[in-house]
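Chemist: Residue strings, one per chain:
2 protein chains.
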Amino acid sequence: MNLDALYSELTLKIPQGGTKLALVVLDGLGDIATKEQNYLTPLEAATTPNLDKIARDSAQGRMIAAAPGITPGSGPGHLGLFGYDPLEFQVGRGVIEALGLGMELKHGDVCARANFATLDAKGIITDRRAGRIPTETCEKLCAMLAAKIKKIGDTEIIIKAGKEHRFVVVFRGKGLEGPLTDADPNREGFAIPTVKPRDENNAGQKKLAGVIADFYKAALPIVAKEKPANGFLMRGIAHKPHIPLFEDRYKLKPACLAVYPMYKGLAQLVGMKKIEGPATITEQFERYLKEYDNFDFFFIHYKYTDKYGEDGNFTAKTKAIEDFDAALPILLRKKPDVLAITGDHSTPCAMKGHSWHPQPVLLTSAVSGSDKLERFTETGANTGSLGVFKAKYLIRLMQANARMFDKFGA
Amino acid sequence: MNLDALYSELTLKIPQGGTKLALVVLDGLGDIATKEQNYLTPLEAATTPNLDKIARDSAQGRMIAAAPGITPGSGPGHLGLFGYDPLEFQVGRGVIEALGLGMELKHGDVCARANFATLDAKGIITDRRAGRIPTETCEKLCAMLAAKIKKIGDTEIIIKAGKEHRFVVVFRGKGLEGPLTDADPNREGFAIPTVKPRDENNAGQKKLAGVIADFYKAALPIVAKEKPANGFLMRGIAHKPHIPLFEDRYKLKPACLAVYPMYKGLAQLVGMKKIEGPATITEQFERYLKEYDNFDFFFIHYKYTDKYGEDGNFTAKTKAIEDFDAALPILLRKKPDVLAITGDHSTPCAMKGHSWHPQPVLLTSAVSGSDKLERFTETGANTGSLGVFKAKYLIRLMQANARMFDKFGA
Chain A
1 MNLDALYSEL TLKIPQGGTK LALVVLDGLG DIATKEQNYL TPLEAATTPN
51 LDKIARDSAQ GRMIAAAPGI TPGSGPGHLG LFGYDPLEFQ VGRGVIEALG
101 LGMELKHGDV CARANFATLD AKGIITDRRA GRIPTETCEK LCAMLAAKIK
151 KIGDTEIIIK AGKEHRFVVV FRGKGLEGPL TDADPNREGF AIPTVKPRDE
201 NNAGQKKLAG VIADFYKAAL PIVAKEKPAN GFLMRGIAHK PHIPLFEDRY
251 KLKPACLAVY PMYKGLAQLV GMKKIEGPAT ITEQFERYLK EYDNFDFFFI
301 HYKYTDKYGE DGNFTAKTKA IEDFDAALPI LLRKKPDVLA ITGDHSTPCA
351 MKGHSWHPQP VLLTSAVSGS DKLERFTETG ANTGSLGVFK AKYLIRLMQA
401 NARMFDKFGA
Chain B
1 MNLDALYSEL TLKIPQGGTK LALVVLDGLG DIATKEQNYL TPLEAATTPN
51 LDKIARDSAQ GRMIAAAPGI TPGSGPGHLG LFGYDPLEFQ VGRGVIEALG
101 LGMELKHGDV CARANFATLD AKGIITDRRA GRIPTETCEK LCAMLAAKIK
151 KIGDTEIIIK AGKEHRFVVV FRGKGLEGPL TDADPNREGF AIPTVKPRDE
201 NNAGQKKLAG VIADFYKAAL PIVAKEKPAN GFLMRGIAHK PHIPLFEDRY
251 KLKPACLAVY PMYKGLAQLV GMKKIEGPAT ITEQFERYLK EYDNFDFFFI
301 HYKYTDKYGE DGNFTAKTKA IEDFDAALPI LLRKKPDVLA ITGDHSTPCA
351 MKGHSWHPQP VLLTSAVSGS DKLERFTETG ANTGSLGVFK AKYLIRLMQA
401 NARMFDKFGA
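Just so you know, the protein sequences line up as chains A and B, in that order.
Here my numbering is used: position 345 in the first sequence is 345, and no number is missing along the way.
Here my numbering is used: position 324 in the second sequence is 324, and no number is missing along the way.
Only chain A is shown next, with the shape it has when bound in the complex (with noise of 0.2 Å):
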């Protein structure tokens, strides 16, 4: 039997407002040790009151995002942690940028990520990335291309520009489907290759590579005086994925607590209310307070662990998870009935980037039973109860934390 057929119907109803889950991510909260910082990854260094407290009644483990050796981005780590394999479900570069730009999705959408280029007279790419223009530059020729290319036959084309010399290009419209090869080469030297359908026999990805093909042609002329981004490329071509939606999936009513417009748009796509607003950790958990009897379930997202990491500075990731370790107060005045505090993937500050290093997660419930651990570390967590597990799972264990799974046979 199936493995999701057999959650599925296992899955008890919560009485209405009465069990509250919640899953607060740290973006990128996994590090590793290294001797340079004297053996302590961030979480290990950070002063963090709050989650010892709640540690000692945790059980604890590290999660695989995806698969052992595998970085992902934040969309295979987010739909992990949503409970939908990231092997299974594939979001599209194309989606994943427009989400990270804001932009609202409808069904059916194509979304292409695209970056401004330099050719040379014969049409060969001579830099892929235009010189990183200026955003500025990028707004600009964006606003050019919208102004003069609304629709392609009945296909609407929707332009935003993102940070230098990156857009992203959503092509509404009826029966177009994705994925498609890119138009790009992924090195200089050569022409814009011509978008093609991945399966020959797919109408709507057919129609879709004639309708890029013919914004192309309309779109290139138009920038042609530009320089140094005279071209552009596109890849990552694929519509808005169907996700089977987070309530049918788990019986619960789910909410959105992020700041960054890339985390409510991947909390959207399967589903979650975007709860607009909060700016800060601080207010992201007082608006939980308020909406605790609104919603079951509460996805909460914390970017700056991730954000320095990123910039490979120990320090202030170390300050980012004591600034969140601060706020946990106002959460816990509500503690939810299951809390699951994690990363969506590792963000090692001496690799300056996301790695495949499992991410540490605490779960704590009245019947989560403890680990007997006094903090909530990468090498405590190594000891738990949890063991390392593929991240599509905590929602399982969240749910059975919750009681809301029946008894497998008898």
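Please keep in mind that the hints were generated in silico from the structure rather than gathered at the bench.
Keep in mind that this is a model prediction, so the values were computed, not measured.
There's no promise every hint is true.
Copies of the same chain look alike in the list, so a pair counts if it fits in one copy or across any two.
To be verified - Only pairs whose alpha carbons sit at most 20 Å apart, straight line, appear in this in silico PhoX-like list of lysine-lysine: (1) Lys148 <-> Lys227; (2) Lys227 <-> Lys407; (3) Lys273 <-> Lys53; (4) Lys407 <-> Lys307; (5) Lys335 <-> Lys160; (6) Lys390 <-> Lys407; (7) Lys407 <-> Lys352; (8) Lys335 <-> Lys35; (9) Lys35 <-> Lys53; (10) Lys390 <-> Lys13; (11) Lys106 <-> Lys151; (12) Lys13 <-> Lys253; (13) Lys273 <-> Lys319; (14) Lys35 <-> Lys372; (15) Lys273 <-> Lys151; (16) Lys407 <-> Lys303; (17) Lys206 <-> Lys163.
Once you have looked at the hints, place chain B on chain A.
Modeler: Quick look at chain B alone, frame taken from chain A:
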């Protein structure tokens, strides 16, 4: 390559009368540490000098019975321990109930778990459990039914009373197959639903549905004047599953030393030889000594850890572990070459029922290695070399420790 096929291909026969393997199951052994019990589990609170002695030379870990967060019944719990994926090999509740009553099932038998119930004048169920009639009443009613209904067409009908309102009906005949939908709306206020094939195209299920409809026609009038048990419901209607025999699968001649019928029945489902007689763990271990030369593999089942866990009686569960420990030296007089001690699932006292928490496992052999743990406990097992793994692999680890696997590849 399929993993079971690989195991099978690599399996070496063990020398006759050579290596002995013992799987000792303390039912519901696993527990959770809570503040109320000073953060000790029963296994941690118990004084266990004999377990301690073997702990030092053991590998330890924790096992997931079926899947993360899933709480198994005894059926899936034991099938997993016997090395059969509980999601692949499912045993209907009717079969489990029949085994629990000590009924001997034949190949092709279909079993239904039945309840006496109260119906109103229009046939609407007003009490699904007929006021939990005394066991004696149930026995009387079952005897009435059994006396009057011996066959439906060519299908033999076997009825056996259980406790209070519960009984089992076995349908024994040619060409019958399950599973069917329940003759039980699972709540009051409805009539008894007609059973239907789960698969419309399955001839065996269709035949069985007809037999059960006729059985209802014959049986309901017999109890119509009984109060409050003037009707009955049936669910979990399925045939004895086809499970590859233990001896064929593992090349080990297995014996079952259990006291309770349910566990004998589960062992019989996979073809273990049921050894009758012993009524206590002391007697079970003594019988093991006598049967030592006759089998390769011994499944020894101890019930009381689960029983007191279900009662929420921490002291009694702790004492049950101590009683087990006191008897252990009998087993160790002829120490099995490979000895695994574990549970089929956790039954935390704080939860008064089965749970999903991984059960601790201890594995000792000449080549198990030592995890340098002084005791066998949940918290220690968290740090063991076996990690957290699916229970279905335990038997493979036991086979490996018995040196029963050839090398895979060169």
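Chemist: Against each hint, give a clear statement of whether it holds in the structure.
Modeler: Here's how the hints hold up against the structure:
Within a single copy, Lys148 and Lys227 get their C-alpha atoms as close as 19 Å, which meets the 20 Å cut-off; across copies the closest is 84 Å, which misses it. Proximity of Lys227 to Lys407 under the C-alpha cut-off of 20 Å is found in neither arrangement, the shortest distances being 66 Å within a copy and 32 Å between copies. For a Cα distance limit of 20 Å, the shortest separation of Lys273 from Lys53 qualifies neither inside one copy, at 30 Å, nor across copies, at 52 Å. Proximity of Lys407 to Lys307 under the C-alpha cut-off of 20 Å is restricted to the inter-copy arrangement: shortest distance 17 Å between copies versus 42 Å within a copy.
Taking the shortest alpha-carbon separations for Lys335 and Lys160, neither the intra-copy value of 40 Å nor the inter-copy value of 49 Å comes in at or below 20 Å. Proximity of Lys390 and Lys407 under a CA criterion of 20 Å is satisfied inter-copy only: 18 Å between copies versus 22 Å inside one chain copy. Within a single copy, Lys407 and Lys352 get their C-alpha atoms only as close as 45 Å, which misses the 20 Å cut-off; across copies the closest is 13 Å, which meets it. For the homomeric pair Lys335 and Lys35, the shortest alpha-carbon distance between copies (17 Å) is at most 20 Å, but the shortest distance inside one copy (37 Å) is not.
Taking the closest pair of Cα atoms, Lys35 and Lys53 come within 20 Å of each other only across two copies (13 Å); inside a single copy the shortest separation is 28 Å, beyond that limit. In the homo-oligomer, the alpha carbons of Lys390 and Lys13 never lie at most 20 Å apart, since the shortest distance is 25 Å inside one protomer and 27 Å across protomers. For the homomeric pair Lys106 and Lys151, the shortest alpha-carbon distance inside one copy (17 Å) is at most 20 Å, but the shortest distance between copies (62 Å) is not. With identical chains, the CA atoms of Lys13 and Lys253 are at most 20 Å apart within one copy only, with a shortest distance of 11 Å there and 45 Å across copies.
In this assembly of identical chains, Lys273 and Lys319 lie within 20 Å of each other by CA distance neither inside one copy nor across copies; the values are 30 Å within and 50 Å between. In this homomeric assembly, Lys35 and Lys372 come within 20 Å of each other (Cα to Cα) only across copies, at 10 Å, whereas the closest approach inside a single copy is 27 Å. In this assembly of identical chains, Lys273 and Lys151 lie within 20 Å of each other by CA distance neither inside one copy nor across copies; the values are 31 Å within and 59 Å between. When the C-alpha separation of Lys407 and Lys303 is checked against a cutoff of 20 Å, the pair qualifies only between copies, where the shortest distance is 19 Å, while the shortest distance within a copy is 38 Å.
Taking identical chains as interchangeable, the C-alpha atoms of Lys206 and Lys163 are never at most 20 Å apart, the minima being 31 Å within one chain and 65 Å between chains.
Violated hints, listed in ascending order, are 2, 3, 5, 10, 13, 15, 17; each of the other numbered hints is respected by the structure.
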